[in-house]
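There are 2 protein chains.
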Amino acid sequence: MPEYKAPLRDIRFLIDEVFDYPASYAALGASDATPDMVAAILEEGARFCEQVLSPINRSGDEEECQWRDGVVTTPKGFKEAFAQYVEGGWNGLAADPAYGGQGLPHSLGLIISEMVASANQSWAMYPGLTHGAMSAIHAHGTEEQKQTYLTRLTEGRWTGTMCLTEPHCGTDLGIIKTRAVPQADGSYAISGTKIFISAGEHDMSENIVHLVLAKLPDAPAGTKGISLFIVPKFLPAGEGIGERNAVSCGSIEHKMGIKASATCVMNFDGATGFLIGEANKGLNCMFTMMNHARLGTGMQGLCLGEASYQGAVRYANDRLQMRALTGPKAPDKPADPIIVHPDVRRMLLTMKAFNEGNRALAYFTAQQLDIAHRSDSAEQREEAENLLAFLTPICKAFMTDSGLEATNLGMQVFGGHGYIREWGMEQLVRDCRIAPIYEGTNGIQALDLLGRKVLGSQGKLLRGFTKLIHKFCQAQAEHPRFKAQVAELARLNQQWGELTQKVGMAAMKNPDEVGAAALDYLMYSGYITLAWLWLRMALVAEAKLQAGEGDSAYYQTKLATCDFYFKRLLPRTEAHRAAVEAGSDCLMQLPAENFAL
Amino acid sequence: MPEYKAPLRDIRFLIDEVFDYPASYAALGASDATPDMVAAILEEGARFCEQVLSPINRSGDEEECQWRDGVVTTPKGFKEAFAQYVEGGWNGLAADPAYGGQGLPHSLGLIISEMVASANQSWAMYPGLTHGAMSAIHAHGTEEQKQTYLTRLTEGRWTGTMCLTEPHCGTDLGIIKTRAVPQADGSYAISGTKIFISAGEHDMSENIVHLVLAKLPDAPAGTKGISLFIVPKFLPAGEGIGERNAVSCGSIEHKMGIKASATCVMNFDGATGFLIGEANKGLNCMFTMMNHARLGTGMQGLCLGEASYQGAVRYANDRLQMRALTGPKAPDKPADPIIVHPDVRRMLLTMKAFNEGNRALAYFTAQQLDIAHRSDSAEQREEAENLLAFLTPICKAFMTDSGLEATNLGMQVFGGHGYIREWGMEQLVRDCRIAPIYEGTNGIQALDLLGRKVLGSQGKLLRGFTKLIHKFCQAQAEHPRFKAQVAELARLNQQWGELTQKVGMAAMKNPDEVGAAALDYLMYSGYITLAWLWLRMALVAEAKLQAGEGDSAYYQTKLATCDFYFKRLLPRTEAHRAAVEAGSDCLMQLPAENFAL
Chain F
1 MPEYKAPLRD IRFLIDEVFD YPASYAALGA SDATPDMVAA ILEEGARFCE
51 QVLSPINRSG DEEECQWRDG VVTTPKGFKE AFAQYVEGGW NGLAADPAYG
101 GQGLPHSLGL IISEMVASAN QSWAMYPGLT HGAMSAIHAH GTEEQKQTYL
151 TRLTEGRWTG TMCLTEPHCG TDLGIIKTRA VPQADGSYAI SGTKIFISAG
201 EHDMSENIVH LVLAKLPDAP AGTKGISLFI VPKFLPAGEG IGERNAVSCG
251 SIEHKMGIKA SATCVMNFDG ATGFLIGEAN KGLNCMFTMM NHARLGTGMQ
301 GLCLGEASYQ GAVRYANDRL QMRALTGPKA PDKPADPIIV HPDVRRMLLT
351 MKAFNEGNRA LAYFTAQQLD IAHRSDSAEQ REEAENLLAF LTPICKAFMT
401 DSGLEATNLG MQVFGGHGYI REWGMEQLVR DCRIAPIYEG TNGIQALDLL
451 GRKVLGSQGK LLRGFTKLIH KFCQAQAEHP RFKAQVAELA RLNQQWGELT
501 QKVGMAAMKN PDEVGAAALD YLMYSGYITL AWLWLRMALV AEAKLQAGEG
551 DSAYYQTKLA TCDFYFKRLL PRTEAHRAAV EAGSDCLMQL PAENFAL
Chain C
1 MPEYKAPLRD IRFLIDEVFD YPASYAALGA SDATPDMVAA ILEEGARFCE
51 QVLSPINRSG DEEECQWRDG VVTTPKGFKE AFAQYVEGGW NGLAADPAYG
101 GQGLPHSLGL IISEMVASAN QSWAMYPGLT HGAMSAIHAH GTEEQKQTYL
151 TRLTEGRWTG TMCLTEPHCG TDLGIIKTRA VPQADGSYAI SGTKIFISAG
201 EHDMSENIVH LVLAKLPDAP AGTKGISLFI VPKFLPAGEG IGERNAVSCG
251 SIEHKMGIKA SATCVMNFDG ATGFLIGEAN KGLNCMFTMM NHARLGTGMQ
301 GLCLGEASYQ GAVRYANDRL QMRALTGPKA PDKPADPIIV HPDVRRMLLT
351 MKAFNEGNRA LAYFTAQQLD IAHRSDSAEQ REEAENLLAF LTPICKAFMT
401 DSGLEATNLG MQVFGGHGYI REWGMEQLVR DCRIAPIYEG TNGIQALDLL
451 GRKVLGSQGK LLRGFTKLIH KFCQAQAEHP RFKAQVAELA RLNQQWGELT
501 QKVGMAAMKN PDEVGAAALD YLMYSGYITL AWLWLRMALV AEAKLQAGEG
551 DSAYYQTKLA TCDFYFKRLL PRTEAHRAAV EAGSDCLMQL PAENFAL
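If you read the protein sequences in the order shown, they are chains F and C.
Per the UniProt record's numbering, residue 1 is the first one in the first sequence, and the count goes up by one each step.
Per the UniProt record's numbering, residue 1 is the first one in the second sequence, and the count goes up by one each step.
Keep in mind the hints are simulated off the structure, nothing from the lab.
Do not rely on the hints blindly, as some may be mistaken.
Identical copies look the same in the list; a pair holds intra-copy or inter-copy alike.
To be verified - With a cut-off of at most 25 Å between alpha-carbon atoms, the simulated DSS-like pairs for lysine-lysine come out as follows:
#1 509 to 329
#2 333 to 224
#3 146 to 329
#4 5 to 502
#5 333 to 177
#6 76 to 5
#7 224 to 177
Small disclaimer: the values here were computed from a predicted structure and weren't measured.
All chains, full assembly: derive it from the sequences and hints.
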């Protein structure tokens, strides 16, 4: 297994040099998050991920979770690691101090989550789902619910889940069948089956708090008739737990990857539940935390891509095979290390360009999350909310698709050894493969971006973002080194608006045009977004080099990777643009039954 | 698991209507391969694959092969299926009648192999490797070796392997360490360790015949000092087996996929071996069968893509989720089948366009294989050999990369269920993932295409192929329906030559330009090649429709898929072209140590 080493240099580059998190934290009143404090947290977090989580990643995959009579046992070391995580205060890092949290910025929490998932994606699911439940209760719970549940979730004594999917529906939550019948005491009896429930049952915590979507007896049909309920595994009693609730784990799934994450079938047999938020507004409650969760899911692409890259670079330097086409580079050895071969470098640089570009995208977006949560200015908050709404589906889908490409390349660098489980490279592919699927498939993200966000706002959300790029290009149009790249970005930025208009016009006549264009439109958008971020990074690196500041090799590498991105990855926009412009006819003309011919 | 149904209609379309195999077989004197006989063989082969091999595919993946004290047990049903396969005469279908084979054309053998691998890729490895060993012995063995080994391999009583890779070398066979010491009796004592040996040990056959690359004591360094040896598990005795040889299976690998294929570490401890072919010419012996083996490996992309497509189409018609954007299509149901959604169709059509295009590429190439083997005309044979040399790396790499994309899309169509092992869709991804790696990684194929084949022949091999396309485009330039597509193909065909010239010029100054361009050049070539084949298929379909012959829905579907290919997949050439033109600087400028920064 590639040993994970947290990329602290690259993290610091983004937060200190590119996005100036310290200024942002100060402006947002996050006074605890001083540069020293942030540095200490990152280093301590890195240590935990490298030393505790990374070593149990491979073994967790081989052991998988075990189910027996409703009891789920996690792989060796998982429970202990969770205890250490809680003990270290990591669970409540970005949580509300009113309920026991440390109140640090969400962006910092996300960076810690990045390290956690890079080291051990399966393990990351347990705190990850808990954070989702915490957000929901924080946003929609009553004060009593917060005191009862949020404090214990923050403490890490209890963990949480999100129970949405049912056997017959995932994307289409309007047709869920789980029922909630009001009881005399104000609670509800919840009955139904939920599937794909991550961390639905396990042995890490005293109690598990399920957030369950269900329908009231008189609920309107469709998505407007869904309510959200808190259904704890054990009913709370005093400071701890009381009676066991009528919720149980019927089985766990056997999956392609994230095998140490318990994916549960949860049976609710008249379980006691408590309404959270307004009746029939359950889906809205879910949506309020979607941006955060989807950004987190998007980051999995980055996390596993990073882990894979680290393994691939080490291997490419160690493995001796063939001579360089330009003559031996290690004449004293039987062959040259494979990093001398251009095609191996193509793979490594593709991974590197995606990872570092995706990290920039994630951190830029996380900064907007902080602003949306904390800014005093309503205008700033709205601007940040708009950027978040626009960038979230791109983060989720582009980062997971490119992350999957990265993990596949990392495996390819290993040749036949990449296919052998022992090396750990293929696990990263399998663990990553769920990310383009869950938390809304990438196809759904694409519809969200193009249909709901871009066209649904009459282009306003797109313009809010392309305006940033436009201003950047204007300001840097004469940059002595990056003039050509700036011009290319400006050209694509303008094309982006024009392409959107074309699709919008076509969609007015035929709504299928949106679905036909969506996925390629999203990928196209992602490549342009990363081009902007790569230039922003390159400008900083160039300025540091000019000023003779800091580690010149690091900055030179940034410049070279940016160069690679513009020359070899950005041209993919052309294929996506053509696919968008192809329209829906070539997809819709065939009757469904012809597909099987 | 998606139940495999052999796509006989599509197979017949290609062999009867597009490539006219009957005429080709007649011209090549393959008089046994009458249309009736071919039809009967295909139907019987389909039945075997559907009823015997497909049902043990999922269970084989879950059981995996088991190793204990050097003995390997294959999953339940594997041994029995092999007995049925041998009993049915499938093993010797395309083998030389002089040694017990049926002497049918190789192209027909490849179609049967396609069905076998589509139904069960792991199982397909056992006869697949046997066929490889048979080819080698047929081409290079003495008459005595053929009588001893080839007859029993053809009979299916014995199976074969190819032992090339060692722990420290795969691509770079020049540095192998396995040694062959001449013995007084004319045999050799073989010592060394080989890894990744498919079918190296198992319980299906009485004996296993290893073809082993090793070095003689006085061998020159590098690839010119490698010899090939026959090393049987049991030494032959009379009509059967005698003494056990000093070769043993040290362990089997735990892999990402093809888990029911035994991938063995083979230890040779002074085992008795027999030289096959000339001393120090072992690599040449291997190369003579590379085209065949690489075409077969390329077909795995098609096979697993086809299996995945079949599952995905069924699911897309069954699964109800959301309403069509243009209004309900199944108003009596709670939601519409997901095949109404344009993005689901995009995924299905991408798979379909790759699968059917790849099948056309494979069958066209297989036809050249027949000509190269059987034609009376030296000129025809040379032309076929040249086409084979050129197309083989494209088949291997393009078909496996696009096949991997197809299996990933098939899994994506299933949403969360695609990630669950029970459904079998993720297995197809895992089983496919080895194909871009083994039998020469796709990076090596790309170097073979651009460096060895195209530039190495001063463009001759490329021109031999683009000439075919050029003639086709000239002939169809005014086609009333396909004029635009023909023009687009002609444009790309010309660009292909120009692009090649550019790379060739650059490579004269800097050999790294070849490696830098190779992979994208290969993919670019693959897309253009498939465009030609798609147009050829479309022309046939159009002609049949015009003539009112046959199944119009089938032909309409061909036309629609061709349309999709040109509009949505062929534009990817643009991204690959740009990457090729980017040159090597953006790959090579960084010192190796900077990659880890």
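Consistency of the hints with the structure:
1. 509 to 329: Between. Shortest inter-copy distance 18 Å satisfies the 25 Å Cα cut-off; intra-copy 61 Å does not.
2. 333 to 224: between (69 Å within a copy, 19 Å between copies)
3. 146 to 329: Answer is neither; intra-copy 63 Å and inter-copy 44 Å both fail.
4. 5 to 502: Answer is neither; intra-copy 46 Å and inter-copy 42 Å both fail.
5. 333 to 177: between (66 Å within a copy, 15 Å between copies)
6. 76 to 5: For residue 76 and residue 5, only the intra-copy Cα distance (22 Å) is at most 25 Å; the inter-copy one is 43 Å.
7. 224 to 177: Intra 14 Å, inter 70 Å, cutoff 25 Å: intra-copy only.
The structure is inconsistent with the numbered hints 3 and 4, although it conforms to all the rest.
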